[in-house]
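Chains A and B, in that order, are what the protein sequence lines are.
Quick note: the first sequence uses the working numbering, first residue 32, plus one each step.
Quick note: the second sequence uses the working numbering, first residue 106, plus one each step.
Do not take every clue at face value.
What the hints assert, rightly or not - Simulated coverage check for chain A against chain B, where a stretch passes if three residues somewhere in it have a Cβ under 8 Å from a Cβ of chain B:
id: 1; stretch: 146-155
id: 2; stretch: 206-214
id: 3; stretch: 238-250
Claimed, not checked - Calculated pairs, DSS-like style, for lysine-lysine (alpha carbon to alpha carbon, straight line, at most 27 Å):
id: 4; chain 1: B; residue 1: Lys318; chain 2: A; residue 2: Lys148
id: 5; chain 1: B; residue 1: Lys254; chain 2: A; residue 2: Lys99
id: 6; chain 1: A; residue 1: Lys148; chain 2: B; residue 2: Lys156
id: 7; chain 1: A; residue 1: Lys150; chain 2: B; residue 2: Lys274
id: 8; chain 1: A; residue 1: Lys269; chain 2: A; residue 2: Lys98
id: 9; chain 1: B; residue 1: Lys260; chain 2: A; residue 2: Lys148
Hint data in this document are derived by calculation from the structure and do not stem from the laboratory.
The beta carbon of each residue, even a glycine, is placed where N, CA and C say it ideally should be.
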Amino acid sequence: MNFKTIFILALKNLKRHYRRTIINILSIGISVGIMFFFIGYYRGTYIIMMRESFIKYQSGHIQINTKKFDDKKIQHYITKDTIMTNYKIFTKEILQIPNVIVVSDRLINYGFLSNGKEKMVVQIIGVDPENEKEISIIPGSIKKGNYLDEQDGIVIGKKVQELFNLNIGDICYIQSQTINNTPNILLLPLVGVYETGFYDLDKNVVFTNLKNANILFYTDNVVNKKIIYLNDIKNTNKVYSQLKNKYYDDKYEINTWEYYGQALLENEKSDGIFYTIFMLILIFISISTIMSTMYMSVFERVREIGTLRSIGWKKNEIFKLFILEALCIGLFGSFLGIIIGGIPTLYLQYVGIEYSKMSEVISIPIFKIISRSELIDIFISFFVGMISTYLGALFPATKASKMLVVEALRTN
Amino acid sequence: MKRIFLIISIIFISKTIFCLSAQDIVKYVDANLTFVEGEMSATIIDFKNNKENKRMSVDIKFKRGRGTLMEFTSPAREKNKKILMINDNMWMFVPGISRPIRMSAKDSFMGTSFSNRDLMDFDIHNDYSAIILEQQENEYKLELISSNKNVTYPKIIMWVDKKSLLPKKQELYTISDNLIKTIDFSETKYFNGKLRPSVMVIKDILTQGNMTKVLINTMTEKQIKEELFSPQNIER
Chain A
32 MNFKTIFILA LKNLKRHYRR TIINILSIGI SVGIMFFFIG YYRGTYIIMM
82 RESFIKYQSG HIQINTKKFD DKKIQHYITK DTIMTNYKIF TKEILQIPNV
132 IVVSDRLINY GFLSNGKEKM VVQIIGVDPE NEKEISIIPG SIKKGNYLDE
182 QDGIVIGKKV QELFNLNIGD ICYIQSQTIN NTPNILLLPL VGVYETGFYD
232 LDKNVVFTNL KNANILFYTD NVVNKKIIYL NDIKNTNKVY SQLKNKYYDD
282 KYEINTWEYY GQALLENEKS DGIFYTIFML ILIFISISTI MSTMYMSVFE
332 RVREIGTLRS IGWKKNEIFK LFILEALCIG LFGSFLGIII GGIPTLYLQY
382 VGIEYSKMSE VISIPIFKII SRSELIDIFI SFFVGMISTY LGALFPATKA
432 SKMLVVEALR TN
Chain B
106 MKRIFLIISI IFISKTIFCL SAQDIVKYVD ANLTFVEGEM SATIIDFKNN
156 KENKRMSVDI KFKRGRGTLM EFTSPAREKN KKILMINDNM WMFVPGISRP
206 IRMSAKDSFM GTSFSNRDLM DFDIHNDYSA IILEQQENEY KLELISSNKN
256 VTYPKIIMWV DKKSLLPKKQ ELYTISDNLI KTIDFSETKY FNGKLRPSVM
306 VIKDILTQGN MTKVLINTMT EKQIKEELFS PQNIER
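Given only the sequences and the hints, what does the whole structure look like? Please build it.
Rendered as structure tokens:
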């Protein structure tokens, strides 16, 4: 029997048992669809959105600070050993390196913000406002007032503004320790209120320009962090190596975003494991559905198998018939799956779901749930769909092919 | 003859007082607040939002030019903790921890509005140079600018009672010349023959209703052993 005849017969069998075929196609379709959707969602939301958000709002692609600067020792952020003088020359040099787009010089310390009645601990970040406009999410998240400029002023998060009942133009007190470890207070007008949706950021971080930060910390035109932004996350290791070769000595420490984003990467990893297990369960369910319906099909068609064998069909041809039936189900199911998964994937790819408010609850920097699907996802989903049906049909097809002709014909 | 002597004495004393320089006034203030050496017991009450937050009792031994040793007597969880200050260096001894912990004199004293130095250092004339800003009938208004960069407050404005040469009020300023704290001195009492304010109230300018009150219970002039002022001996 030639392959074409077996294939046509397989298609006719599928049509003949259309209810069973539809159930099988739907089972495969749903599994493949969910898989296709999750691959795009995971890549988009976790690998691209969360990493990009983290880089944009917190770490940058690469950070440089002095060796004595320890991110965990907040009480020692501003000391003689943690500040960088002549930072502008250093910045100019870094900007010459290919793929570097912005170097954000910051002077960071912890202190208090007060409205004159209450005070709370905040992180105070002195920035170069012009630079920040290019890369930071804060200038784009201003809800009231304006972002910083060279004038005196402070920008705070919406949560603090609500807590302290402050309005634009109100005087805010910021207190911190100077480089000599004495307390210092600056009175700055509130110029802007930002809202990113990240609770930690909106409640705990205030921004002022580098000039004010230097006055507050009693330092002279210094910074304690250089945050480097690149044109593409993929260039991180390349630029990191160049920076390390050029500047790594006893004085400076250079780290990539992965160093600061260990928790994020761990989260990615654990969620990846969860999704993999979820997908394996789905595939297992699909395989078992296919297997049970194919076994049913074999048992219902015992006499038919006996007839085919008695008219000259060989064992391997019976095996091929059942496998082809299953592979056709796999093909149609996978195709259906791509459509089922493709609809939400397309929506997330081009529209996305606003999620920043949820970061209050989950403490993960996500702006939007998005999907970034690639052509290879379709091939992977098809491949998994076909393999699932093949595995599901393997044992029933073997059983059918090994049936004794006489016993098969005798069966009612 | 006696009358003439009395009149001359009064003129001499008045002249001395009226000709006091700002630096002399600060020296007098320091001298009037404590003995050269002695012991003091005090109660420190911290208020948050006008409600009592914490109450501590301390015994303080001091010897001018040598150091100050403070020992907590209550509450139970702070009992036997000791803080030693020698010049600009400060250590804390916590029972159960074998080595004294080094502290910064500028840090907050046990979470109160005081810095460690505010409570432990009784001599401000060594660290500041003073000028008289205003002179009124009853008081001097002095401006003290730090001559030692290790002090917590680079500028202090102090009101001093002309008669007793005791402080009435202090305003503490930061390096940016912004007011950060105020200290009010009140309820002058005699302690072992020395008249001094028995209540000090320090207020944080950033918060309303937060303040720390220090009540001096006793103060006696007494010889204090020099060996006490050593980090090695602090735990004994």
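Hints versus structure:
no.	hint	in the structure
1	146-155	holds (count 4)
2	206-214	holds (count 7)
3	238-250	holds (count 3)
4	Lys318(B) / Lys148(A)	holds, 19 Å
5	Lys254(B) / Lys99(A)	holds, 23 Å
6	Lys148(A) / Lys156(B)	holds, 15 Å
7	Lys150(A) / Lys274(B)	holds, 24 Å
8	Lys269(A) / Lys98(A)	holds, 22 Å
9	Lys260(B) / Lys148(A)	holds, 23 Å
The structure agrees with every numbered hint stated previously.
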